[in-house]
Amino acid sequence: MKAPMQIPITVIGGHLGAGKTTLVNHLLRAANGLRLAIMVNEFGDLPIDEALIEAQGDDMIALAGGCVCCSYGDDLMAAMQQMAAMAPPPEHIVLEASGVALPGSIASSLSLLPHVVDDGIVVLADAETVRNRAQDKYMYDTVLRQLADADLIVLNKTDLVDSPTRDHVRAWLIEQAPEAVIVESEHSLVEPELVLQSFIGRARGAYLTNAHRNRVKSHVMVPEAETDAETLAAKLAQDETVVRAKGFVHQDNTSKLIQVVGKRWAVSDFDTDKEAGVVVIQTLG
Amino acid sequence: MTTIYSAKKIITMNPARPEATHVAVRDGRILGAGTLEELAGWGDYTLDERFADKVIMPGLVEGHCHAMEGTLWKYTYVGFFDRMDPHGKIWDGAKDIEAVVERLQEADAAMDDPDKPLPGWSLDPIYFGTGGEGGARVSRADLDRVSTTRPVGVMHASGHILNVNSKALERAGLLKKGLNNPGIPLGADGLPTGELKGPDVMTPVGIHVGFDRDMLACDEGGLIDFGKLCVRAGVTTATDLAARLPEEAVKMMIEVTARQNYPARIVPLRFHHGVSPKELIEHALTLKEQSTDRLRLGKIKVVVDGSIQGFSARLRWPGYYNGAPNGLWYISPEHLKEVLEAALKHDLHVHTHTNGDEATELVLDTMEDVLRRQPSGNHRFTLQHCQLADTAQFRRMARLGMCVNLFANHHFYWGDEHYNLTVGPERAERMNACATALEQGVPMTVHSDAPITPLGPLFTAWCAVNRITASGRVQGETERIDVDEALEAITIGAAYTLKLDDEVGSIETGKRADFAILEDDPEEIGGDRLKDVRVWGTVQDGRIFAASDL
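Protein chains in written order, with the numbering used here: chain A, 1 to 285; chain B, 1 to 550.
The shape of chain A in the complex, shown without the other chains (with noise of 0.2 Å):
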């Protein structure tokens, strides 16, 4: 699915003190001669093993083994577009969004640039306090939004809750994220195989209001037989009450998913054994 020249990108979220830096630090590490580039909003919290570093500017670092650490500050399109024309590019970049960011809104921005592909989305939550997060009267609805927008949740510090907590958890992040692939670890302890595997085509949870959710009921359409993708991704489209739509048709031997939120759609190629089905999310009245 990837075009040869773009370079996929991993965005990691979710609140402070959920492990993102943590987990950053660790992928450099067991990086295992992949160029990772890891761009982080300041260096202030990376602690970079001293013994790795081989050069060091104001916003860039360069690590043994062909990594580099690049603080985006305050311009992080800036800084995407400084990282992607490296010479030789790196064969992927690893974002650590800030603990208040929407990740889904930042890999949404940065996949439009040229050079670069939204590759996934990982969100860090903290076992033993992301519930309370979010209730909490400021952060709340961000810690949601977070968590809906990851395609795979990473349940942290697991070692810090028993075990019937550890499970209540899962059984709440499945409700706030039924899309995401959720992963235990330690000590933000994840292959790094597993966090930067390519999300591409997967479906995004959308973050609902608790009012739209109260007002949305989701079903599943089975198309019929040669219907043609674009039209049925347009119809959906043009239907008011779809809040958004997902799911394969067989057209012409191939599949085709299609995806449609609100008012936009896109229809691809996408190799799957699956039977033709989308599941379509409607308000209701």
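If you're looking for bench data, these hints aren't it; they were derived computationally from the structure. Misleading hints may appear alongside valid ones.
[Stated by the list, open to error] With a Cα cut of at most 20 Å, we get these calculated SDA-like pairs of lysine to any residue: (1) Lys499(B) with Glu289(B); (2) Lys137(A) with Lys337(B); (3) Lys177(B) with Arg264(A); (4) Lys137(A) with Glu368(B); (5) Lys235(A) with Ala225(A); (6) Lys235(A) with Ala276(A); (7) Lys137(A) with Ala324(B).
What you are looking at is a predicted structure, and each value in this text was computed from that prediction instead of being measured.
Starting from the known structure of chain A, fit chain B onto it as the hints suggest.
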């Protein structure tokens, strides 16, 4: 060497002696204000009668603007309202899309290189009418009529939307179907309409239309032009409210403001973006050391939320009137706490940007908490914009020793939009509640946020006195303030929020000789005409600047 100036009237803002006929100046400072006989007691003097038919006020203080207003005039102005540039030329407002296109076509014709980008600014199609909710829409087809060879981009007055032509989209690689981004509306043909909403989608295209990477920074020419705008507005002290302030920029600002002909005192605030709380405090402490007479460094600006018209401000229940989801936090509560607490500890002065009332609430909660551990009798932390604060929040500000700088100009420019779309009638009427702030004893000033709205404290004072929207409605009758209160707000009121009230903001013994020289008397002209008061120029640190000589 003492000079005594005579005037038709001197409005001193010193309640013990509110009016005078003469003011004596020595070494750039005020010896006193009173009668010629009283002032003659200071010894030999020269009587200067050049202001004999003018009204003198304390030099006006703008507590929230950006020096980039000077820089923006390099680009083509396409705003709806008439506006004066640094050289005194008044640009007619562009009243419809046709006028915007014509203005840009003129700029295009004056350019040699057909590929060079053409940036314009201050577009506000909400006034163009008949375009449905939120006014007319500008499309790339409109801007394609300006040029199909060069990228053309026009920034909206609010700073939250950028309109571009097809060439600009093409250069950015975005003239294609299948884009899926809420900031990029699509046309019936599936291609972007050319409207780009929000900084995240504006930046990647903005660089192709000539908007530099650091929009909030000003260059040397811009800072010089900004000084000229200050003189024309009667301003002698102005903030540059959010800047990154890297070493080379600080060096340039120190050098430019130190020039004998630089007419204003600039107060730049270091914003919190892009550095950790610890680095922020360290940088502010370093900057404080570098402070000069005319460049007051070492203050901090923390941006807590976004903007109301961009739907990125954090609102308390029940949120936006049109049902838009709540806005964004630009700092975590933990980092906010860390910055405020460390700033109190190191005696650094912080101004916080909060537009929505939930963001204001977070700052109040945080201040209440950190003040227990770092008590301060004189911190004067100031809530900037603070547009939606209610009476309970103003009471808390007063108890916590905070100041407020309200965005009075918003009522005129976007009041109707707030009433109809963003916050609805009730909250629109209490927005920028100047009267409540004063009633609750919160030190208060008002601002333009130039370049978002034009630099001009007398106009801003008019907005606070009248609360008239662009459509002519009075919005929030009970929050109107008197002319006296408004004049106080744009002088000593603003000086207080900058901790400069011991130096500027009133005409009395010992203070700096900073004056606004006016052709009309703001106390006599009437509140409804306050904005029409003509400014002759300024005196700053005893140096005379006539607007006509700039």
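Do the hints match the structure? See the list:
1. Lys499(B) with Glu289(B): Holds: Lys499(B) and Glu289(B) sit about 16 Å apart, inside 20 Å.
2. Lys137(A) with Lys337(B): Satisfied, since the Cα-Cα distance of roughly 15 Å is no more than 20 Å.
3. Lys177(B) with Arg264(A): holds (10 Å)
4. Lys137(A) with Glu368(B): Status holds; Cα separation ~16 Å.
5. Lys235(A) with Ala225(A): Holds. Lys235(A) to Ala225(A) sits at ~17 Å (cutoff 20 Å).
6. Lys235(A) with Ala276(A): holds (17 Å)
7. Lys137(A) with Ala324(B): Roughly 19 Å between the alpha carbons, so the hint for Lys137(A) and Ala324(B) holds.
The structure is consistent with each of the numbered hints, conforming to all of them.
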